[in-house]
Each structure stands twice: as C-alpha cells, then as structure tokens.
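Engineer: Residue numbers (my numbering), protein chains in the order written: chain A, 1 to 332; chain B, 1 to 517.
Accuracy of the hints is not assured; some may be wrong.
What the hints assert, rightly or not - Residues from chain A that face chain B, not an exhaustive set, calculated with beta carbons under 8 angstroms:
| hint | residue |
| --- | --- |
| 1 | 158 |
| 2 | 200 |
| 3 | 205 |
| 4 | 218 |
| 5 | 220 |
| 6 | 222 |
| 7 | 278 |
| 8 | 325 |
Bear in mind the hints are in silico, worked out from the structure with no lab data behind them. Small disclaimer: the values here were computed from a predicted structure and weren't measured. Ideal Cβ placement from N, Cα and C applies to all residues, glycine included.
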Amino acid sequence: MTHTAHETAVAAKPRIKIGAIAPMLALALLCGLGALANPRFLGLDNITNVLARSTFIATIAVGQTLVICGGGLDLSVGAMAAFVSGLMILFLNSGWIDNPTLLIIAAITLSLGVGALCGLFNGLTTTVGKIEPFIVTLGTMGIFRALLTWLAQGGSITIRNSDVRAAYRQVYFGDLFGLPYPVLVIIGVAVVGAFILYSTAYGRRVRAVGSNEDVARYSGINVARVRTVTYVLQGLCVAIAVIVYVPRLSSASSATGLGWELTAITAVVVGGTRLKGGVGRIWGTIAGALILEVIGNIMLLSSVVSEYLIGAVQGAIIIIAMLAQRGMSRGR
Amino acid sequence: MSRQGEALQEGRTDTGSPVLEAVGLSRAFGPVEVLSDVSVAFRAGEVHAIVGENGAGKSTLMKILSGHLTPTRGIMRLDSADVAFRGPVDAERRGIVLVHQEIMLAPDLTIAENMFLGRELRRGLMVDDRAMNARAADAMRVYGVDVDVTVPVQQLSIAQRQLAQIARALSVPHRVAIFDEPTASLTPVETFALLELIRGLKANGVAVLYISHRLEEVKAIADVVTVLRDGKRVTTQPAAQLQPLDVARLMVGRDLLDLYPPRPPAPAGEPSFAVAHFGAEGFAEGVGFSVRPGEILGFSGLVGAGRTELFEALFGLRRGGGEIRVDGVAQRWPNARAGMRAGAVYLTEDRKSKGLLLEEAMALNLTLAALDRFRRGPLVDRAKEARALDDAIRRFDIRVGDKTMLAGQMSGGNQQKLLLAKMMQLDPKIIVIDEPTRGVDIGAKQQIYRFIAALAAEGRSVIVISSEMAELIGLCHRIIVMRGGRVVGEVSGEAMTEDAIVVLATGVDKLLHEAHS
Chain A
1 MTHTAHETAV
11 AAKPRIKIGA
21 IAPMLALALL
31 CGLGALANPR
41 FLGLDNITNV
51 LARSTFIATI
61 AVGQTLVICG
71 GGLDLSVGAM
81 AAFVSGLMIL
91 FLNSGWIDNP
101 TLLIIAAITL
111 SLGVGALCGL
121 FNGLTTTVGK
131 IEPFIVTLGT
141 MGIFRALLTW
151 LAQGGSITIR
161 NSDVRAAYRQ
171 VYFGDLFGLP
181 YPVLVIIGVA
191 VVGAFILYST
201 AYGRRVRAVG
211 SNEDVARYSG
221 INVARVRTVT
231 YVLQGLCVAI
241 AVIVYVPRLS
251 SASSATGLGW
261 ELTAITAVVV
271 GGTRLKGGVG
281 RIWGTIAGAL
291 ILEVIGNIML
301 LSSVVSEYLI
311 GAVQGAIIII
321 AMLAQRGMSR
331 GR
Chain B
1 MSRQGEALQE
11 GRTDTGSPVL
21 EAVGLSRAFG
31 PVEVLSDVSV
41 AFRAGEVHAI
51 VGENGAGKST
61 LMKILSGHLT
71 PTRGIMRLDS
81 ADVAFRGPVD
91 AERRGIVLVH
101 QEIMLAPDLT
111 IAENMFLGRE
121 LRRGLMVDDR
131 AMNARAADAM
141 RVYGVDVDVT
151 VPVQQLSIAQ
161 RQLAQIARAL
171 SVPHRVAIFD
181 EPTASLTPVE
191 TFALLELIRG
201 LKANGVAVLY
211 ISHRLEEVKA
221 IADVVTVLRD
231 GKRVTTQPAA
241 QLQPLDVARL
251 MVGRDLLDLY
261 PPRPPAPAGE
271 PSFAVAHFGA
281 EGFAEGVGFS
291 VRPGEILGFS
301 GLVGAGRTEL
311 FEALFGLRRG
321 GGEIRVDGVA
331 QRWPNARAGM
341 RAGAVYLTED
351 RKSKGLLLEE
361 AMALNLTLAA
371 LDRFRRGPLV
381 DRAKEARALD
391 DAIRRFDIRV
401 GDKTMLAGQM
411 SGGNQQKLLL
421 AKMMQLDPKI
431 IVIDEPTRGV
441 DIGAKQQIYR
451 FIAALAAEGR
461 SVIVISSEMA
471 ELIGLCHRII
481 VMRGGRVVGE
491 VSGEAMTEDA
501 IVVLATGVDK
511 LLHEAHS
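Only chain A is shown next, with the shape it has when bound in the complex:
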C-alpha cells in the first residue's frame, strides 16, 4: 500500500532541551555574578560551605522531585525532618549501645526506617484514602511538628554524650579525599534518584502516572502502589538529610526544618520539574537547590542588597523561573 500524506515531524533533529539545561546555565550565571561581587565567593572554603549547607534541601528536593513527577506533593518534609531528628537524638541519648560508632549506625538505620514509615503513611493516606496530597501532607506536617515539640517539651533535644557527638560530627564536617561528606551525599542521592527516574521501569511508571493517571490505569499500572512508593522514597530522602543535619548542630527543636518544604518545592520547580507531574528533572533540582543557596550566599558576601531580603529574592527567582518555562514552552 502506498500513502501520500507522510507526516512531517515538527522538529526532526534530536535537540538539546533548553528546559533541561536552563537551571545549570542560571547557576553558572549566578556564580559569575558572585565572583564579580566578591572574589572570596569562588574560594574553596566558600564553595564547600555553600555545597554543604545546601545538602539538606538538595537531598529532600530529590525525593520531592519523584513525588511531584508522580503527580503528588509533600508538604510535610520539613516537619518530618524535625521529627526524625528528634527521634534520632533521643535514641543516641538512650545509650543502648556502648560503642559510639555502632550506636550511630543503629541511629542512622532507625532514621531511615522512621522516614520510610512516615512516607508510607503519607503515601497510603493519599492513594488508598484518595485524599488530595496537599491536604494529607498539610495534616501530617502539623502532626510531625507537634510530635517533635512534644518530645522536646517545647525546648530542644541535644546529643548529651560528648563522645557520640564528636564521633558523629565527622559525618557533616569530615571529608573523603578532600570532598566533604555532605557533598558526597548530594552526589550520591542525585545519582540514585536520576537512576531510578530515568533508567528503571519503576521510574518510567512514575512519569506515566504523573503525566496521565488514566492512561497509566488503562495500561495496567498499579497507580496507588507507584505513587505510594514515591512518598516512601521521599521519606528516605528526608531521613538522609537528617542524618547529615543532626551532627551539624547536634540538636533539634521545633524550629528545625522550618520552611524546608517550601524551599525544597522551590528548588524542584526552579529545576524545571513540572508541578502538575509527568516531567521530573533530578539534576535540575540539584541546580535549583544550589541556586537558592548561592543567592543567599552572594547576598551575605556582598552589601548591595540587604541580607534580610533573601526571601524576597528567592521568591522572585521562582516566579522568574516559571515565566521562563512558560516562555520556552510557547516558543517551541
């Protein structure tokens, strides 16, 4: 059979998606600006400091990328981080194990378990309970935060044993061949996240579920399970962030992780992930988290704009990022 009307592809050549590299370009531009504003910006100390400080948000945001890509949302991550931190420190203080190293390993395992359970609760409530994730995680946000406050009796929980504290400090302040552990954590979490999202069958199902739930359902995909697992992975990411965070201050209070959920979501969106699901950009998210941290850092180092306006600049960035995304999708 012959046919005359062959379809012509709108864009035939494989193209580099500008949307995918835009966050990296923006980050590079910002770093250039930072170097101009203050030569100290590009100093090794400062760069390491920025990277280490962004670990928590970057790690949590990788999980959030998976959740949002699958069509969900998790507002409870900041409160969850506080709750897991509190439990972890209480466990460290319990002194069940004498050897500090073993105690820390047990505490890390506990954190991962608690994080996964918190995520599972969020996931099952949204999928099986069929409640909007916004509502569910708004609820659990209050619950986790209040549990921490209760555990701390309104104050803070601090690692008491100085040996444990000293041993654990290494996780935040130590390094491997000059690379600080927090930086290794960012890279590790991002690589695993990117592997899950881009290379595995599960990651593809996450994208399908977020892109169009009906198509996924009609294709025989267990939508509830796929989505629930994204929340569990988010919980694990929160636990990993906590594991790096606790040795930094050795303490948790009701102010721990305050506002992290919004910063993480900002990083995800600035990174190019679509808020309504279906498109997830892990490396964009990392760039997004760094952009937010770098902005704060530049504002501290330079005196052009008051550092009290950091929030305003970050807010402006998210709006500009969305406008840029809109412009690019129109331009195609």
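Based on the hints, put chain B in the right spot on chain A.
Structural biologist: Frame of chain A; chain B shown alone:
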C-alpha cells in the same frame, strides 16, 4: 466539461455572489505549509462540504475562515469586500460561527450556564437563571435531546456535550455556520436530528460549511463538495455529480480497494471468553455474551447504551461485577492488569486522554503496558524497546517522519495504530477495541480493518465496539446490540443490516423509516 463545471473547478459557482470567499489562502506553521493557495466560495442557503483526509488542511481552513488563525498568504472576502478578522470574536460579530470539533465547555458549569457563558441573561444585578434554563432547554429540544439543562456538563455523555456545544454556537446571530466534524460522536438518531437542523439553517439562507469524514452524510446534506488533499484544493463540484466512492478516491488520491478485508468463515468451537450476568454500576446490567478464538464480535448501540462502560467495568476500570470466564476458568479482574495477566486487553475509545501519553515519545507509549517484558532487572532494556518500536512501525505501518515524535503530534490514524501496537506487546488472546476508527482518515481506516482481521486470523478473539454500523457489518461475524445498558439482540450473517441494527438499538421501528427517507 460544461461551463458551470469549469467554474466550479475554479471554486466558483455561477448562482449568486458568495457571502464568504477565500482567495488563495495559504498557511504555514514554521517551514511546513499546511494549506496552499486554496480558493473557495460559500453561498447563502448552500451547504458546502469540505472533505479530505486528516492533515489535508480542513481544520486549518476552517480556523482561518472563523478568525482563529490568520493566513500567511491570501485574502478573504465577506460580501465581496476584503476582510481580515481580528480574532474569533470579530468573526463571530460579523456573523461567522464555528462549531468546534473538540468539546470546549466548562465541565463544572451546567448546560445552560455554558450556553450563556459570557453573555448571561440578567435581571437587574442578578443572572436570570430561570430564563436561561428555559431557553437552553428549548434549544436542546431542537436537537432531539431531552436532558436536564441544570446538570453540570461533566455528567453528560460525549454526544450530549457535542449537541450542547452546537446549541451554544448557534445561539448567536449568524450568516455563516461552520461545522467541524459535528457528528463524530453522535448516534444515527442524533445525527439525523442535526442534519435536519442544518437543512433548516439552509432554508433560512445561512451559508453552511460542513466538514466530515462520513461521506454518506456529505452526500445526504451537501449541495457542493470541495475536496482537499495535502493542503491543496483538488476539486469543487456539485454534490449530485459525486458518488461517495469518487469522493474517497479524490481524498486519498488513489483507488480504494475494498474498504473491508475478506471475512474468514466464522469459527466453531468452544468460546475463549464468556461473560454472564455482568453489570456496570449505573450503566449496564445482566449482560452475557461469549466469543470464540478467531471470531470478530461486534457491539453496536446508540451512544449511551452502556457498551464502553460495560467493558470498562469488565476490565476493572470502573465499578461493576459478574461472571467472567477465560477458556472456562472463572476470573476476577479488579484492575486492567488482572485482565492482561489472563491475556485480555481493552483499547479505550478515548485515545487522547486514556490511551496514550501525548507528551511522551512513541517508544515509551509502546512499552508502557508491557513494561515488565522490557525489563532487565530493574532497568528498562532500551535496545529491546527500540527493536520493538521498529517492529511496530513496520507491522502496523505507523507513518511518522521521526521516531522521537511525541504521541500527541501524530494523526488520529497513527495514534490508533500505536495504541494497537502498544496492547499487542502483551500478546493478548482476547482484544476489545472500542471505536477503532474514530477520528481516523479513510486510508488508515482500511488498514486498521485489515489489522483487526489479521488478529482474528491468528486465532485471537476480537471484540469491536463501534457506533459506525457499516464498519461492524463489514468486519464482524456477529453483532450484539445494546440498548439502555442491556443486550437487546444479536444479528449475524445475512441478517446483519443497518436497518436490523437500528431497530434493535432504538427499539422504535418508526425512527428507522424517518432516518432513511
């Protein structure tokens, strides 16, 4: 050729001056010209059909004529004066209305609210709901639909929404009415009512532009037919001079062999798939049927007869229950995956929102349902996937310039072929295809019929749900007719005629005679 014939060849008719005229219209999207140098004239009191395959430029032409698009070259004349529309609202104010192919109603608003959206009737400061409801109900009754105009649009069937949309479009004063595939989701009875309405418009001196894939309808309603192919006007002729087969030939640009493949003899033997006492909550109940390996079973009925809902419930996609047996083994299918495990697949009628991920590439769509067959450990085996895509493109003759094309950029025909290929990755024994050729051009239609016949010839059981009776008759061994959620009859062999099906589907003899007179 007569002088009148020559004049028509140039897109003119000699009777009266045109209301609206297109002169050398072209439109390009980037480097691709989708409409080239098209000149057509539309006259008052004349139904002018525009036909062509998907991608022939029909919709582009209609969008230019209704002010939704501007031409890259060429001009339009309204009452012999040059005119450029500043947008659809401008065109509408000049009396040109377009009834869209896609349904554009706000799903949470009622029919009446949608119909008066942006031009609500008021009484003082308040909207006058009572008056709007009454007028909306009158308008809907004209189309032979008796619905409650105060229910949200999302509760209506697709056909009812379509009619609400037509009613909305025609509720503004108009001199030129453009219908873009208005009957795509209508049943014979509703189509009949719509054609009557168009005759009424014509009698009132409205110039009607009618786009349709359904050549029988074109023959029934059109005075003049313009055929487009590859963005160019092939011919404009009085409808009386053209037989549907001629039109099809002009559209495709080649001779069409028989539209339907030869039908293999009906297989005997034990049924592979048997359903009894099955119901879909609120849509169908007490349904039973069976199908044998190698058999093609049709499901006919009016829109709203519960066919789609029945099969969605069967495959666990909506609430329902009953007995299902595959090769005699009782089944329980709480979700589509369970059916797939038992070797049964359902291809949705709603390709765009339930069948394919429009923003993803072909390969991802192809393997989505059978992803476990494309796994190496937790990884997706991309090489195997690429091979499967090449195979699918070859086997189902999917015509795309570029394999990385997104599903949403493909034509209806290619999307349907991709959906078919996607479900065939599961190597199913039982295939249910809902509206296999909706929105598919005639060339691809013919191919899809051949694929369906080939699947049956391989010993698979095929169930085809369709609102096009001709295609069921041309394709199936047996046809089950549903009405009001129940099976009301079955026809096979010589008894498979449109008349017999309409009688069963409507339950009214009288309608049949009207529809064919």
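Engineer: Against each hint, give a clear statement of whether it holds in the structure.
Structural biologist: Hints, one by one, checked against the model:
1. 158: Where the cut-off is 8 angstroms and the nearest Cβ of chain B is about 41 angstroms from residue 158(A), the hint is violated.
2. 200: Given a least distance of 4 angstroms, the restraint on residue 200(A) holds.
3. 205: 7 angstroms, holds
4. 218: 5 angstroms, holds
5. 220: Since chain B brings a Cβ to about 4 angstroms from residue 220(A), closer than 8 angstroms, the hint holds.
6. 222: With a closest approach of 7 angstroms, the residue 222(A) hint holds.
7. 278: 7 angstroms, holds
8. 325: Because about 14 angstroms separates residue 325(A) from the closest Cβ in chain B, which is outside the 8 angstroms limit, the hint is violated.
In terms of the numbered hints stated before, the structure departs from hints 1, 8, listed from lowest to highest.
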